[in-house]
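For the protein sequence lines, the chains are A and B, in the order given. Okay, so the first sequence: first residue is 37 according to this note's numbering, each after it adds one. Okay, so the second sequence: first residue is 37 according to this note's numbering, each after it adds one.
Don't take each hint at face value.
What the hints assert, rightly or not - Which stretches of chain A does chain B cover? Using the computed rule of at least three CB atoms under 8 angstroms from a CB of chain B, they are:
1) 46 to 53
2) 107 to 121
3) 158 to 172
Stated by the list, open to error - The following label-pair restraints were derived from C-beta to C-beta distances:
4) A/Gln98 with B/Asp51: 32 to 40 angstroms
5) A/Met37 with B/Lys153: 45 to 53 angstroms
6) B/Lys47 with A/Thr127: 33 to 41 angstroms
7) A/Thr127 with B/Asn85: 23 to 31 angstroms
8) A/Lys83 with B/Leu131: 37 to 45 angstroms
9) B/Leu84 with A/Asp115: 34 to 42 angstroms
10) A/His191 with B/Ser155: 17 to 25 angstroms
11) B/Val120 with A/Val120: 25 to 33 angstroms
12) B/Lys54 with A/Asn118: 23 to 31 angstroms
13) A/Asn85 with B/Ala148: 46 to 54 angstroms
14) B/Ala185 with A/Glu74: 28 to 36 angstroms
15) B/Pro76 with A/Lys83: 47 to 55 angstroms
16) A/Lys62 with B/Ala148: 30 to 38 angstroms
17) B/Gly186 with A/Glu74: 28 to 36 angstroms
As the list claims (entries may be wrong) - Straight-line C-alpha distance at most 27 angstroms; calculated BS3-like pairs for lysine-lysine:
18) A/Lys54 with B/Lys66
19) B/Lys62 with B/Lys124
20) B/Lys73 with A/Lys54
21) A/Lys54 with B/Lys47
22) B/Lys54 with A/Lys62
23) A/Lys153 with A/Lys73
24) A/Lys153 with A/Lys129
25) B/Lys54 with B/Lys135
26) A/Lys54 with B/Lys54
27) B/Lys69 with B/Lys129
28) B/Lys59 with A/Lys73
29) B/Lys66 with B/Lys128
30) B/Lys104 with B/Lys153
31) A/Lys104 with A/Lys129
32) B/Lys59 with A/Lys62
33) A/Lys47 with B/Lys62
34) A/Lys59 with B/Lys47
35) B/Lys54 with A/Lys73
36) B/Lys54 with B/Lys66
37) B/Lys152 with B/Lys129
38) A/Lys54 with B/Lys62
39) A/Lys59 with B/Lys54
40) B/Lys104 with B/Lys66
Note that these hints are calculated values from the structure, not bench results. Computed from a prediction, not measured in an experiment: that's the story for all the values here. Ideal Cβ placement from N, Cα and C applies to all residues, glycine included.
One letter stands for each residue in the lines below.
Protein chains: 2
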Amino acid sequence: MIQVQILCIGKTNEDWVKVGIEKYLKLLSKYVKIELKELPDVKNANKLNPEKLKAEEASMLQQYITEKALLVFLDEHGDTFNSVEWSKWLTKKSLDHSKWIFIIGGSYGIDAELLKKGSSVALSAMTFNHQMVRAILLEQLFRAMTIQAGTSYHH
Amino acid sequence: MIQVQILCIGKTNEDWVKVGIEKYLKLLSKYVKIELKELPDVKNANKLNPEKLKAEEASMLQQYITEKALLVFLDEHGDTFNSVEWSKWLTKKSLDHSKWIFIIGGSYGIDAELLKKGSSVALSAMTFNHQMVRAILLEQLFRAMTIQAGTSYHH
Chain A
37 MIQVQILCIG KTNEDWVKVG IEKYLKLLSK YVKIELKELP DVKNANKLNP
87 EKLKAEEASM LQQYITEKAL LVFLDEHGDT FNSVEWSKWL TKKSLDHSKW
137 IFIIGGSYGI DAELLKKGSS VALSAMTFNH QMVRAILLEQ LFRAMTIQAG
187 TSYHH
Chain B
37 MIQVQILCIG KTNEDWVKVG IEKYLKLLSK YVKIELKELP DVKNANKLNP
87 EKLKAEEASM LQQYITEKAL LVFLDEHGDT FNSVEWSKWL TKKSLDHSKW
137 IFIIGGSYGI DAELLKKGSS VALSAMTFNH QMVRAILLEQ LFRAMTIQAG
187 TSYHH
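Based on the provided sequences and hints, a complete structural model is requested.
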């Protein structure tokens, strides 16, 4: 079973989003071993300039990154796929990687140096609320799994 | 104040999505007069082929469309914008239209003939769950309003 880790910055403090996250984590657990890991906010984040903040977030994220894992950053400027292409892309990647790490950055996005270490995917050209995007990513992972499995979830 | 109507097919039966919808409807009510209207599912929808189903949904939606309104269909194949472009696009449209109607189709999308009557916008190339997309659209409308107003919600 593929091991999937989703790393994000800060707690999910919207209760309704939490319910959505739990729903899709449970649905996904049929297909993958999945964990959503909320890393703590950087201390005094609002006193740091965005570049410094992203660098501190990057060094925290770095600790969880293992060399053999597929590393995917959620980034507005990343590659775009439709849901079927995304499912195929993941299926192809699973041939070389038994662990997938998805990284959702903080409110200023992801450190440029860190971005070079993996693939970048855009769920949309639009900026999504970075709490909601956790549930959106999980739904899109679940959709990819069901497309691969040929169930009727995705028309 | 701009009047915004969001038309969608079927009840929001995910309670967590309902909470998100209520949150953003409330936030948006500072900027626009907004209503989300859930039209009933077509009867025996699962016995109809997708084209027939979309045609029936279209004739139901048609009753709410007024000639002078800005008509925007949420469609995966529609135009894509980033959040700032989307905000500007809406601002420009507001010069000619004091009423905006957004239409979220059913699970097979929107009837091709109906689509010709308005603009089509894609929130993403990916197919989103058509319950969640209601909250995602509202958050994106709220983001557009805050960009226009110059508040700090959108970085």
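Consistency of the hints with the structure:
1. 46 to 53: holds (count 4)
2. 107 to 121: holds (count 5)
3. 158 to 172: holds (count 10)
4. A/Gln98 with B/Asp51: 32 to 40 angstroms: With a Cβ separation near 38 angstroms, A/Gln98 and B/Asp51 satisfy 32 to 40 angstroms, so the hint holds.
5. A/Met37 with B/Lys153: 45 to 53 angstroms: 48 angstroms, holds
6. B/Lys47 with A/Thr127: 33 to 41 angstroms: Taking Cβ atoms as reference, B/Lys47 and A/Thr127 lie about 34 angstroms apart, which means the hint holds.
7. A/Thr127 with B/Asn85: 23 to 31 angstroms: 30 angstroms, holds
8. A/Lys83 with B/Leu131: 37 to 45 angstroms: 41 angstroms, holds
9. B/Leu84 with A/Asp115: 34 to 42 angstroms: This hint holds: roughly 36 angstroms between Cβ atoms.
10. A/His191 with B/Ser155: 17 to 25 angstroms: 23 angstroms, holds
11. B/Val120 with A/Val120: 25 to 33 angstroms: Given range 25 to 33 angstroms: holds, Cβ gap about 29 angstroms.
12. B/Lys54 with A/Asn118: 23 to 31 angstroms: 28 angstroms, holds
13. A/Asn85 with B/Ala148: 46 to 54 angstroms: Cβ of A/Asn85 to Cβ of B/Ala148: about 50 angstroms, so the range 46 to 54 angstroms holds.
14. B/Ala185 with A/Glu74: 28 to 36 angstroms: Holds - the Cβ-Cβ distance for B/Ala185 and A/Glu74, about 30 angstroms, lies within 28 to 36 angstroms.
15. B/Pro76 with A/Lys83: 47 to 55 angstroms: 52 angstroms, holds
16. A/Lys62 with B/Ala148: 30 to 38 angstroms: Since A/Lys62 and B/Ala148 have Cβ atoms about 37 angstroms apart, the given range 30 to 38 angstroms holds.
17. B/Gly186 with A/Glu74: 28 to 36 angstroms: 31 angstroms, holds
18. A/Lys54 with B/Lys66: Since the Cα atoms of A/Lys54 and B/Lys66 sit roughly 26 angstroms apart, the hinted pair holds (cutoff 27 angstroms).
19. B/Lys62 with B/Lys124: 22 angstroms, holds
20. B/Lys73 with A/Lys54: 25 angstroms, holds
21. A/Lys54 with B/Lys47: At roughly 21 angstroms apart (the allowed maximum being 27 angstroms), B/Lys47 and A/Lys54 satisfy the hint.
22. B/Lys54 with A/Lys62: 20 angstroms, holds
23. A/Lys153 with A/Lys73: 20 angstroms, holds
24. A/Lys153 with A/Lys129: Distance ~15 angstroms between A/Lys153 and A/Lys129 Cα, so the pair holds.
25. B/Lys54 with B/Lys135: Holds - the C-alpha atoms of B/Lys135 and B/Lys54 are around 24 angstroms apart, at most 27 angstroms.
26. A/Lys54 with B/Lys54: Roughly 13 angstroms between the alpha carbons, so the hint for A/Lys54 and B/Lys54 holds.
27. B/Lys69 with B/Lys129: 16 angstroms, holds
28. B/Lys59 with A/Lys73: 25 angstroms, holds
29. B/Lys66 with B/Lys128: 20 angstroms, holds
30. B/Lys104 with B/Lys153: Cα-Cα ~12 angstroms, so holds.
31. A/Lys104 with A/Lys129: 12 angstroms, holds
32. B/Lys59 with A/Lys62: 25 angstroms, holds
33. A/Lys47 with B/Lys62: Holds, at roughly 23 angstroms.
34. A/Lys59 with B/Lys47: 19 angstroms, holds
35. B/Lys54 with A/Lys73: Holds, at about 25 angstroms.
36. B/Lys54 with B/Lys66: Given pair B/Lys54, B/Lys66 holds - Cα atoms ~19 angstroms apart, limit 27 angstroms.
37. B/Lys152 with B/Lys129: 18 angstroms, holds
38. A/Lys54 with B/Lys62: Judged against 27 angstroms, a Cα distance of about 20 angstroms means the pair holds.
39. A/Lys59 with B/Lys54: 15 angstroms, holds
40. B/Lys104 with B/Lys66: 23 angstroms, holds
Going through the hint list in order, the structure satisfies each hint without exception.
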